[in-house]
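Protein chains in written order, with the UniProt record's numbering: chain H, 1 to 339; chain V, 1 to 339; chain W, 1 to 339; chain S, 1 to 339.
Rather than coming from a laboratory, the hints here were simulated on the basis of the structure. Mixed in with the good hints, there may be bad ones.
As the list makes no split between identical chains, a pair holds if one copy fits it or if it spans any two.
[Claimed, not checked] Taking lysine-lysine pairs in the DSBU-like style, the calculated list, with each CA pair at most 35 Å apart, reads:
(1) LYS243 - LYS75
(2) LYS323 - LYS22
(3) LYS152 - LYS243
(4) LYS119 - LYS201
(5) LYS22 - LYS144
There are 4 protein chains.
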Amino acid sequence: MIAIVREGITQNGLDELCEYFKSQNVQPHVIVGEKQTVVGLIGDTTSIDIHLLESMDQIEAVRRVSEPFKKANRKFHPDDTVVEVGGVAFGGGSFQVMAGPCSVESEEQCMIIAEAAKKSGATVFRGGAFKPRTSPYAFQGMGKDGLDILAKVKREFGIPIVSEIMDARDLPLFEDIDILQVGARNMQNFTLLKELGKTDKPILLKRGLAATIDELLMAAEYIMANGNERVMLCERGIRSYDKRTRNVFDVSAIPVLRELTHLPIIADPSHATGYTRLVAPVAYAAAAAGADGLEVEVHHDPAHAASDGAQALLPEQFDEMMKRLALIRSAVTEPITEG
Amino acid sequence: MIAIVREGITQNGLDELCEYFKSQNVQPHVIVGEKQTVVGLIGDTTSIDIHLLESMDQIEAVRRVSEPFKKANRKFHPDDTVVEVGGVAFGGGSFQVMAGPCSVESEEQCMIIAEAAKKSGATVFRGGAFKPRTSPYAFQGMGKDGLDILAKVKREFGIPIVSEIMDARDLPLFEDIDILQVGARNMQNFTLLKELGKTDKPILLKRGLAATIDELLMAAEYIMANGNERVMLCERGIRSYDKRTRNVFDVSAIPVLRELTHLPIIADPSHATGYTRLVAPVAYAAAAAGADGLEVEVHHDPAHAASDGAQALLPEQFDEMMKRLALIRSAVTEPITEG
Amino acid sequence: MIAIVREGITQNGLDELCEYFKSQNVQPHVIVGEKQTVVGLIGDTTSIDIHLLESMDQIEAVRRVSEPFKKANRKFHPDDTVVEVGGVAFGGGSFQVMAGPCSVESEEQCMIIAEAAKKSGATVFRGGAFKPRTSPYAFQGMGKDGLDILAKVKREFGIPIVSEIMDARDLPLFEDIDILQVGARNMQNFTLLKELGKTDKPILLKRGLAATIDELLMAAEYIMANGNERVMLCERGIRSYDKRTRNVFDVSAIPVLRELTHLPIIADPSHATGYTRLVAPVAYAAAAAGADGLEVEVHHDPAHAASDGAQALLPEQFDEMMKRLALIRSAVTEPITEG
Amino acid sequence: MIAIVREGITQNGLDELCEYFKSQNVQPHVIVGEKQTVVGLIGDTTSIDIHLLESMDQIEAVRRVSEPFKKANRKFHPDDTVVEVGGVAFGGGSFQVMAGPCSVESEEQCMIIAEAAKKSGATVFRGGAFKPRTSPYAFQGMGKDGLDILAKVKREFGIPIVSEIMDARDLPLFEDIDILQVGARNMQNFTLLKELGKTDKPILLKRGLAATIDELLMAAEYIMANGNERVMLCERGIRSYDKRTRNVFDVSAIPVLRELTHLPIIADPSHATGYTRLVAPVAYAAAAAGADGLEVEVHHDPAHAASDGAQALLPEQFDEMMKRLALIRSAVTEPITEG
């Protein structure tokens, strides 16, 4: 950490400041410049409040040098983390697609979609039983009954299940669910993150509506610091001023996260865009940029879906997308031959 | 609701579309324009999914005509709601200031600050016992012990208390707390909102980091739809691309909310700016724009505060601010005399 | 255009409003709903000021039904526009890559880079002679001398040239330049756009730092309305709150623009990201999402580049990228074979 | 400037890096930390490209210590700059209001508005003759005829005039105009800024649609570095994701700018909000936050204004606003008396 000292500080002021730093268990190291004096702080600076330092009379600004996340940090864990669940391995060079409806609506609906999705190559089935909806008057999901249907899909097709959990008190209901999803609106629901850190299930953590990449990693850090290191990160679009799409899919977050962290990186092109006709192009972009997998909404009858039918792919659209994704993955990962 | 029909639709296509609308219990009303045909939808459109309609082949775009919030809507409740708590009335023309430290650190700390704050005119004491922190390694608050200290402050100074609740399971601990605060990161924690809707305590609902004004009102609607109509809204700055302040304080949200809703509107200049020296100017701006009150951080020893010392006012700064706020309130509310 | 009428309007008020609309040469068509009355406006509404209508006492809100851009609108020009320049065709199914240094620094530098870029498959050479720099103290480009060097590159390699123009008065200097680039900061420099509309050269129009997709199309419309319809649009990243990249590359803008307009769509992964190591992943994403081409910075000695060396690819990096881009293009455009 | 060195650098690598810095005429100063090594760079770092350093293999990140603006920087010019024009002094403790219509439409219109505005206390008359409009099909202003009308207003009422200039070639037409306004869309039209730097007229520089505070100051620096130090900065709202207002008025930019620069700070509540009913609250907020003045749109017949009638105040609304503004100014600037 570097503290930039205000102009005109006296030697006394500087000495006092250094004493203060020592009292906080960090070692000050003064550099006197032509126009500016800075103090390098050496030691464990994670407990120092940058904003507080910046508010001190003697200090003009503070710059953090090392990232505040540790367990999620690739520096301390250079190899990719592989999250294995029900025979499906996320990270480490594979590409996994989780597909299914936004909301679980009926057993019949889920069976139809699961069969088609699996046939096209999906390796995990998704479905929402507890739905975070902007309006209290909108369909809130089937709840426990929805989870029961998902468990049946799992038994029928031998495929792991991912579903969103909104309340730690519901954990017992999720026993049969393989991957617990944390929605964008709950990315900084620290209560929930701590509780999920005490479970042993993989967590699919969605980036908040306007979360920075660092905040996403700090949210992962909450889960990991509580004991659960099987976290997968999901880019699902961020808020912008443009209203032509629901969100802006931040495609460069994928290579940036790849550098910063060893955790698997998933993309959700359905929520990022909000419109069926944009899902495939954005899915292709995510794969081309190096994502480890996708979560995609598929529905056999979008016009009668209980939620977000507008962004669901038909099974035949999903099938074509899966074929092109395989080609794109080859294009970016296979060695280039001379010629 | 208005559906804009795609160019080149046949009469058959239009008829089918109208049949679909009728099956959804809304009455279609077709307007054929020179370039464009639109269908006005009359009836209860709250359950219709705009995104789904927009994804239909026959439809180009859909525009909502009426706001999706009802109980929070001034149209259906023209008079200001007054939230009364412990003898303090929020809304309806008064101006209330909630002041205190970011975090409860000790009984002594709270007593010192409460005495000073009350003397300067604060009518509610604030203090955090459960703290939402970006880092799992940062101070998470004193928890139950902090709430006990707040209860002592309440008894000692006869002043109502506001404190943040992060988990509905903690509700029993908050028995002595008068106003329950929902933090920005939990604004769309729908589980929490629903539970708070079943209590009878006033809720201070903070705007999410990048929430729209409409989303803030829909979050209030969650609480109100569950039975608790004593909701106060709090503008606390929104995320922007500029890093000179922690957030951008959206001052025009105050008159916009005044128009849209009857609920009291509070401003938090401390979190909005993140720096002590910006707190008073932004507080003045909020009062000038018509806020019903403020929530402000005050600390007698910011350099040793456990959290957010960088944005706390000293008691003497708070005192001057309170005096100027009274003058500003008069400037904007008193009748203008001729002269 | 749809005007939503304020609640409680009298029949007289509604009649007056309709008379006002007629005086503005649009035909009003009233729909009385249960809660809300709306007026559909039929005729040429392009000259009506939405904000003004919304400020009228009788009106609550106004929704535009048709897009404000015409010449750039795919509705009125369903086929892709192909911009042909020096034997290179942009749009209509091809994929063109413009490559070269951020700034022209010397003849030798340009010759080295041009030779490598052409060999790897670049079809246009880029180089900046007039540089828009945030700081007045930064290198502002070689000016006319730089353009002369670009003309030599053109003669030597028989490859068209693109370079940024910042001032319409410089047009005579650009005689040998094939494509005139308008930088992001000048996207709404309407004076410049109008003058470029009077030339017969293709224009590469970059999206403004925080421009909406509609504003980009309206900027194109300025050029086209003045007579020059050879406009290419360039997505180059938009401003966001996250500081891990210079900008957020809005990859979904590519399929959105494809739908809205017939003009060629180019992507600039260099400025979008600001860091060499992110350029290739974002370039792959752009190609996968359906872009018609790229503009990319290449430099043989980035450490000594006069500007933006941090985002330049080395020739060997560029070469690998070109090979993978070809594979990605096939992956998304070729027919899917059964198997 | 501080360079943070990548982990695992060898002593050789570090020595080479230091040699490189010396070749760039800055003195390196190495600090070896427990986890991280940083190099402080002392000397003139304004010509060093941060992005380039960050792209070097040996370097992880770079932090700037001193601001890149000089002439606009309060550090090097602690006293407020007072811009005097036609007997009106901006900055240094006064409060000036520039008022008038968005567009000049006719001599009669301007005379009516100017008389009313002056009577209510406006000290400068504003009116647009060259209008930057998003659409090429919208009214583009009266041009030279509009400037002639403004010159007549000046003679008739003895009041200075401010009007927007979009093209440096128009400078001769602006001889009678006292203050040249640079619109938000031209804030980084560096060609225009440089030319205005060669004039001797005060410049009213509007913040770009999504410009950072630092970019605004760098734009001012362009004008000042070219010789004209009479620059006034104008906050007029920045782009956000919320569509309830046209822009978000960044009220905290006022105290932030006050700290960073000695230049006068003006606010434009009309463009910031876009709606008449929000103009006064935001104007009050700007004054309360410490602005040196306002630019406000006034029109006697907004329903027939040629542009932006939706945000204009009627003369009587303006009059009330001026009275309340005077009270607010007193509230924030007068000494607090004991009581």
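Status of each hint after checking the structure:
no.: 1; hint: LYS243 - LYS75; in the structure: between (38 Å within a copy, 20 Å between copies)
no.: 2; hint: LYS323 - LYS22; in the structure: neither (60 Å within a copy, 39 Å between copies)
no.: 3; hint: LYS152 - LYS243; in the structure: neither (39 Å within a copy, 44 Å between copies)
no.: 4; hint: LYS119 - LYS201; in the structure: within (26 Å within a copy, 51 Å between copies)
no.: 5; hint: LYS22 - LYS144; in the structure: between (55 Å within a copy, 32 Å between copies)
Going through the hint list in order, the structure does not satisfy hints 2, 3.
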